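Chains as they are written, first to last, in the working numbering: chain A, 5 to 115; chain B, 67 to 180.
No lab work stands behind these hints, which were simulated from the structure alone. Nothing false has been slipped in among the hints.
DEER-style ranges, computed between Cβ atoms:
id	chain 1	residue 1	chain 2	residue 2	range
1	B	G117	A	I58	29 to 37 angstroms
2	A	S55	B	Y161	17 to 25 angstroms
3	B	D104	A	S62	25 to 33 angstroms
4	A	E43	B	D139	25 to 33 angstroms
5	B	T81	A	T24	39 to 47 angstroms
6	A	T22	B	G69	30 to 38 angstroms
7	B	G69	A	K61	20 to 28 angstroms
Just so it is clear, the structure is predicted and the values come from calculations on it, not from any experiment. Here a beta-carbon is modelled for each residue, glycine too, at the ideal position from N, C-alpha and C.
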Amino acid sequence: EDKVVQSPLSLVVHEGDTVTLNCSYEVTNFRSLLWYKQEKKAPTFLFMLTSSGIEKKSGRLSSILDKKELFSILNITATQTGDSAVYLCAVEMDNNNDMRFGAGTRLTVKP
Amino acid sequence: NAGVTQTPKFQVLKTGQSMTLQCAQDMNHEYMSWYRQDPGMGLRLIHYSVGAGITDQGEVPNGYNVSRSTTEDFPLRLLSAAPSQTSVYFCASSYSLSSHNEQFFGPGTRLTVL
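All chains should be built: construct the whole structure from the sequences, respecting the hints.
Here it is, written out as structure tokens:
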């Protein structure tokens, strides 16, 4: 059965801390892994990863994929209260055009 | 561009009632999809479409029907609502199947089935 597992489920940090969010997967015919940020409503896209070992970076956020060990991490440095959100990991599959999402990690950044 | 729009924003149904959740996009996207989001479950794909006249099932299609008569619209129908369908529903679109990185989500419809 295809599955995507995120950890931790929730995390509380203080402003300025660095956090690492984890996403592991077991799917058939992997195509890509995507990270989304969901605040109050719809998810917004952060990164798409297709190749192992190549870091994607956007400001204080970065992500990397390990296709051998079947996981990805999302790093956020110098966290701010505006980073508080649910972070979703999703995996696209090639064979049936399906996408599987993890349950998400709820990040709370306290001032 | 309005992006992806969904109506209604909120809906309460009684068990057995039917309704249609509307989704429209004005970006000329080929790929559209419907997800439901439940606490602790993440987003689960219900149905998707790779173009007008073409639809296919996702992970959790039972109890839902879709059609894609135009590129712009992708309605989701609940023929006989059940309490298990209480959820938040998101419609999403992207230019093509291979461009999920450009996937845009609508604002969501919160459905409660009593």
